[in-house]
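Generate the whole structure from the sequences, applying the supplied hints.
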Amino acid sequence: MTTTIPSTPDGTAVDAAPLPDPRALDRLLAESAVPGGAFSPAVLADLDAREAFPAEACRTLDAFGLPRYYVPVEHGGALDDFSTVLRLLRAVSRVDLTVAAAHGKTYLGAISTWIAGDPDRAARLGRRIGEGAVVSCALTERHHGSDLLAGEVTARETDRGWRITGEKWLINNITRADLITVLARTDPAGGPRGFSLFLVDKSRLAPGALTPLPKVPTYGIRGADISGMVFHDTLVPSDALIGEVGRGIEIILKALHVTRTGCVAMSLGAGDHALDLAARFTTAATDHEGVPLAELPHVRREVGEATAALLLAEATGLVAARAVHALTPEMSVVSAVAKAYVPAQVDDLVARLLHTLGPYGLLEADTHGSFAKLERDHRIIGIFDGSSLVNRNALVDQFARLARGYRKGRLDEEGLAEATDVRAPLRPFRPQALSLLSGTGASVLAGLPAAVDRVHDLAAAGAASDGLARLAGRLRQATDRLHEEMAAVRFTPRAVPGHAFELAERFELCFAAAAALHLWLHRPDRVEEAWLRGCLVKALTDLGEPVEDSAREDLDTLADALLSAAPGTVPSLLDSLEGTVR
Amino acid sequence: MPESAEVETHTAESLGRWLTECVASHLERPADTIDASVPLSDYGLDSLYALSVAAELEDHLDISLDPTVMWDNPTIDALSKALVEELALNN
Numbered sequence: 001m002t003t004t005i006p007s008t009p010d011g012t013a014v015d016a017a018p019l020p021d022p023r024a025l026d027r028l029l030a031e032s033a034v035p036g037g038a039f040s041p042a043v044l045a046d047l048d049a050r051e052a053f054p055a056e057a058c059r060t061l062d063a064f065g066l067p068r069y070y071v072p073v074e075h076g077g078a079l080d081d082f083s084t085v086l087r088l089l090r091a092v093s094r095v096d097l098t099v100a101a102a103h104g105k106t107y108l109g110a111i112s113t114w115i116a117g118d119p120d121r122a123a124r125l126g127r128r129i130g131e132g133a134v135v136s137c138a139l140t141e142r143h144h145g146s147d148l149l150a151g152e153v154t155a156r157e158t159d160r161g162w163r164i165t166g167e168k169w170l171i172n173n174i175t176r177a178d179l180i181t182v183l184a185r186t187d188p189a190g191g192p193r194g195f196s197l198f199l200v201d202k203s204r205l206a207p208g209a210l211t212p213l214p215k216v217p218t219y220g221i222r223g224a225d226i227s228g229m230v231f232h233d234t235l236v237p238s239d240a241l242i243g244e245v246g247r248g249i250e251i252i253l254k255a256l257h258v259t260r261t262g263c264v265a266m267s268l269g270a271g272d273h274a275l276d277l278a279a280r281f282t283t284a285a286t287d288h289e290g291v292p293l294a295e296l297p298h299v300r301r302e303v304g305e306a307t308a309a310l311l312l313a314e315a316t317g318l319v320a321a322r323a324v325h326a327l328t329p330e331m332s333v334v335s336a337v338a339k340a341y342v343p344a345q346v347d348d349l350v351a352r353l354l355h356t357l358g359p360y361g362l363l364e365a366d367t368h369g370s371f372a373k374l375e376r377d378h379r380i381i382g383i384f385d386g387s388s389l390v391n392r393n394a395l396v397d398q399f400a401r402l403a404r405g406y407r408k409g410r411l412d413e414e415g416l417a418e419a420t421d422v423r424a425p426l427r428p429f430r431p432q433a434l435s436l437l438s439g440t441g442a443s444v445l446a447g448l449p450a451a452v453d454r455v456h457d458l459a460a461a462g463a464a465s466d467g468l469a470r471l472a473g474r475l476r477q478a479t480d481r482l483h484e485e486m487a488a489v490r491f492t493p494r495a496v497p498g499h500a501f502e503l504a505e506r507f508e509l510c511f512a513a514a515a516a517l518h519l520w521l522h523r524p525d526r527v528e529e530a531w532l533r534g535c536l537v538k539a540l541t542d543l544g545e546p547v548e549d550s551a552r553e554d555l556d557t558l559a560d561a562l563l564s565a566a567p568g569t570v571p572s573l574l575d576s577l578e579g580t581v582r
Numbered sequence: 583m584p585e586s587a588e589v590e591t592h593t594a595e596s597l598g599r600w601l602t603e604c605v606a607s608h609l610e611r612p613a614d615t616i617d618a619s620v621p622l623s624d625y626g627l628d629s630l631y632a633l634s635v636a637a638e639l640e641d642h643l644d645i646s647l648d649p650t651v652m653w654d655n656p657t658i659d660a661l662s663k664a665l666v667e668e669l670a671l672n673n
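Quick note, the sequences are listed as chains A and B, same order.
Following this note's numbering, the numbering of the first sequence begins with 1 at its first residue and continues without gaps.
Following this note's numbering, the numbering of the second sequence begins with 583 at its first residue and continues without gaps.
It should be emphasised that the hints constitute simulated quantities derived from the structure, not laboratory data.
Take these hints with a grain of salt, some might be off.
[Claimed, not checked] Here are some chain B residues the structure puts well away from chain A; computed CB gaps all over 10 Å:
#1 Ala594
#2 Thr615
#3 Val620
#4 Ser629
#5 Ser646
#6 Leu669
#7 Leu671
[Unchecked claim] Cβ-Cβ distance ranges computed for the label pairs, FRET-style:
#8 B:Asn673 - A:Thr84: 21 to 29 Å
#9 B:Asp628 - A:Ala63: 42 to 50 Å
#10 B:Ser596 - A:Arg427: 34 to 42 Å
#11 B:Ala670 - A:Gly462: 33 to 41 Å
#12 B:Asp659 - A:Arg23: 27 to 35 Å
#13 B:Tyr625 - A:Pro237: 39 to 47 Å
#14 A:Arg142 - B:Tyr625: 27 to 35 Å
#15 B:Ala660 - A:Gly544: 45 to 53 Å
#16 A:Asp187 - B:Thr615: 48 to 56 Å
#17 B:Asp628 - A:Arg142: 20 to 28 Å
#18 A:Ala424 - B:Ala606: 42 to 50 Å
#19 A:Asp525 - B:Asp628: 49 to 57 Å
#20 A:Gly191 - B:Thr615: 45 to 53 Å
#21 A:Asp187 - B:Ser619: 48 to 56 Å
[As the list claims (entries may be wrong)] Beyond 12 Å from chain A on every Cβ pair, some chain B residues (computed):
#22 Thr591
#23 Ser596
#24 Thr602
#25 Glu603
#26 Ala613
#27 Asp617
#28 Asp659
#29 Glu667
#30 Glu668
#31 Ala670
Just so you know, even glycine gets a beta-carbon here, dropped at the ideal spot from N, CA and C.
Given below as structure tokens:
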């Protein structure tokens with residue numbers, strides 16, 4: 001039998017295997033969770049206890065074809081919709097965050113090459129990833145934390161290529177990786193144009209060119225390969241340079257605008273896992289008087305609030321992933337909001353569930369220690385790819401522009417509609433549209449007043465409840481006030497006032513609630529209002545706005561939805577919006 | 583912050599004056615202590631903060647700029663020249 005191998009325009013062969021169905025991943029994960037399977041809770045708990053790498057689980061994901069979703073279609077992969085990656089990484093994270101961080105790192109490691117690398121190099125990398133190559137990304141160094149401009153690893157050009165010298169440290173997968181994206185100083189004076197990115201292919205190096213550093217014991221994701229690498233005047237070929245010399249900081253900042261949506265996927269999966277474990281415990285356990293926990297009002301309220309918290313986080317993550325395509329120039333704002341808000345929200349809901357259910361024996365009832373493990377594992381997500389502090393600082397730096405844009409109602413209407421309507425086809429992602437500063441501001445918020453007007457119109461026509469209209473109106477008022485306060489913030493470089501960070505947190509809450517509202521308005525039938533009201537109640541509460549006790553009853557509706565769901569499922573906006581059941 | 587005039591022909595000199603005022607206001611120091619030939623980072627204007635100055639420039643000049651113009655032109659002198667060229671291209 002002869003086979004025709006399809007080719008890309010540059011003549012390179014592409015993988016002819018049929019594309020894996022993203023929805024089949026949930027089935028595969030369920031099948032692999034049987035006793036002894038690579039994704040069984042006992043096996044994963046044992047690996048964690050031994051701080052051992054989940055190699056079998058990663059091989060299972062490779063065999064499924066997950067790496068092909070890390071590679072854009074134009075480079076021979078299957079990635080044409082960033083919300084698909086969100087869904088896939090979330091599914092893996094729902095089972096185990098160590099596996100998700102270990103496997104998903106390739107998605108983060110390769111992105112600079114998609115954004116700025118030349119097409120031939122990108123096609124080669126795409127092929128390698130399709131074959132199972134692991135790609136890491138080495139930015140940080142032992143003494144400089146998040147301060148990339150202080151990096152001391154250098155690269156100097158010679159007539160045979162580039163020579164890289166120095167140590168990268170605290171890097172996920174750097175020892176296991178086949179290829180590493182490395183940020184190195186190419187101008188001794190440094191500065192924002194003083195660094196460049198290199199894609200280092202370990203298989204093309206002279207022996208002894210690299211020394212891996214020992215695995216660093218970590219609080220969470222204990223089995224992950226978190227280590228470092230010493231480059232010994234390592235010679236790499238000229239074509240290892242990604243983009244132009246001196247563009248490294250710009251490229252990596254733009255890459256983070258995209259990869260932060262991948263971190264959000266991990267948080268959402270951890271949130272799903274936490275809610276599922278909490279729901280199963282709540283429906284099975286009783287208090288010391290034999291009353292089922294599911295009947296205790298304070299437990300129901302807490303579980304309902306946690307469900308609302310996750311729905312808000314999901315709305316933010318979903319809109320952020322779609323915004324990569326639809327609102328690309330605004331990603332400096334959108335990605336910062338998503339990365340600061342979603343992991344913090346999930347950390348908070350995990351802590352609160354533990355606080356409420358812990359005294360009834362949540363951890364003791366959890367045979368494999370899954371809840372305690374996810375609580376430990378998830379702490380790292382807030383730090384990956386820029387901490388909450390870094391992201392909030394990025395928002396504060398854009399306050400003046402954001403406040404002006406909101407006041408003037410400056411928005412990209414078409415992009416906003418595409419980002420917030422899950423049925424709308426997404427335009428292809430154009431990396432060249434990424435910008436370090438959002439020219440428009442934030443369309444999701446600038447579009448809020450019109451969305452709230454629409455809710456009022458619907459309520460007047462009897463197609464939405466008065467309760468929803470009241471909540472939406474209150475969100476609008478809170479958002480108006482917030483932007484006035486943002487406009488009044490003045491600061492000199494490196495002296496951001498503390499209260500500006502609080503404003504950034506309120507900005508995230510308004511954004512999350514607005515995202516949920518836009519998503520609901522795009523639902524053709526606009527039913528299931530309760531989840532939206534629950535989201536608004538939660539956001540307004542966190543904003544410190546007054547909310548009537550009667551409105552809080554929507555949180556109990558969400559608690560009922562969670563507690564009556566089948567094990568392994570939690571209420572999801574995607575299911576509700578697409579009319580599908582996972 | 584200096585306001586943009588209704589109709590204004592920008593020259594390297596006028597832009598340099600506006601930029602000096604703008605940077606001085608951000609750094610909270612007198613405009614006459616800022617040397618237009620010294621990199622702004624020497625005055626503590628870090629690279630991310632500089633991007634937000636690019637946002638003000640866009641609004642003042644009513645043009646769309648790649649904010650990295652601040653990185654490619656680290657002094658007020660260099661920035662003024664680059665902006666005049668950018669404005670010529672826009673017109």
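Consistency of the hints with the structure:
1. B:Ala594, annotated as away from the interface, keeps every beta carbon of chain A farther than 10 Å; the closest lies near 22 Å.
2. Here B:Thr615 stays apart from chain A, with its beta-carbon at least about 14 Å from theirs, past the 10 Å limit.
3. With a closest Cβ-Cβ approach of about 14 Å to chain A, B:Val620 is found to remain outside the 10 Å limit, as its non-interface label requires.
4. Some Cβ of chain A comes within 10 Å of the Cβ of B:Ser629; the nearest lies about 4 Å off, and the non-interface call is violated.
5. The beta carbon of B:Ser646 is not kept farther than 10 Å from every beta carbon of chain A, the shortest such distance being approximately 6 Å.
6. Listed as outside the interface, B:Leu669 is consistent with that label: its C-beta sits roughly 17 Å from the nearest C-beta of chain A, beyond the 10 Å cut-off.
7. Non-interface call for B:Leu671 relative to chain A: holds, since the shortest CB-CB distance, roughly 17 Å, exceeds 10 Å.
8. A hinted range of 21 to 29 Å is violated for the C-beta pair B:Asn673 and A:Thr84, which are about 44 Å apart.
9. Here the CB-CB span from B:Asp628 to A:Ala63 is close to 47 Å, well matched to the stated 42 to 50 Å.
10. At roughly 40 Å, the beta-carbon separation of B:Ser596 and A:Arg427 lies within the given 34 to 42 Å, and the hint holds.
11. At roughly 58 Å, the beta carbons of B:Ala670 and A:Gly462 sit outside the given window of 33 to 41 Å.
12. Under the hint 27 to 35 Å, the C-beta atoms of B:Asp659 and A:Arg23, about 58 Å apart, miss the expected range.
13. Checked against the given bound of 39 to 47 Å, the beta carbons of B:Tyr625 and A:Pro237, roughly 40 Å apart, stay inside it.
14. For the pair A:Arg142 and B:Tyr625, the supplied restraint of 27 to 35 Å holds, since their beta-carbon distance comes to about 30 Å.
15. A hinted range of 45 to 53 Å for the beta carbons of B:Ala660 and A:Gly544 is consistent with their spacing of about 46 Å.
16. Restraint check, A:Asp187 to B:Thr615: a C-beta distance of roughly 28 Å breaks the suggested window 48 to 56 Å.
17. For B:Asp628 and A:Arg142, the Cβ-Cβ distance of about 22 Å falls inside the hinted range of 20 to 28 Å, so the restraint holds.
18. Checking the proposed 42 to 50 Å range against A:Ala424 and B:Ala606 shows it holds: the Cβ atoms sit about 47 Å from each other.
19. Take A:Asp525 and B:Asp628: their Cβ atoms lie about 50 Å apart, and the range 49 to 57 Å holds.
20. At roughly 22 Å, the beta-carbon separation of A:Gly191 and B:Thr615 lies outside the given 45 to 53 Å, and the hint is violated.
21. Between A:Asp187 and B:Ser619 the CB atoms are about 20 Å apart, so this pair departs from the stated range of 48 to 56 Å.
22. No beta-carbon of chain A comes within 12 Å of the beta-carbon of B:Thr591; the shortest separation is about 24 Å.
23. Every Cβ of chain A is farther than 12 Å from the Cβ of B:Ser596; the closest lies at roughly 22 Å, confirming the non-interface assignment.
24. Against chain A, the non-interface label of B:Thr602 holds: every CB pair exceeds 12 Å, the least being about 16 Å.
25. The claim that B:Glu603 is not at the interface with chain A holds, since no C-beta of that chain comes within 12 Å of its own (minimum 15 Å).
26. With a cut of 12 Å on Cβ distances, B:Ala613 stays outside the contact zone with chain A, its closest approach being about 15 Å.
27. Every CB of chain A is more than 12 Å from the CB of B:Asp617 (nearest about 17 Å), matching its label as outside the interface.
28. For B:Asp659, the non-interface assignment is confirmed: its Cβ lies about 17 Å from the closest Cβ of chain A, beyond the 12 Å cut-off.
29. Its beta-carbon lying about 18 Å from the closest one in chain A, B:Glu667 satisfies the requirement of being farther than 12 Å from that chain.
30. Distance check for B:Glu668 against chain A: the nearest CB is about 15 Å away, which clears 12 Å, and the non-interface claim stands.
31. Listed as a non-interface residue, B:Ala670 keeps its Cβ farther than 12 Å from every Cβ of chain A; the least gap is roughly 21 Å.
Checked against the numbered hints given earlier, the structure breaks hints 4, 5, 8, 11, 12, 16, 20, 21 and satisfies all the rest.
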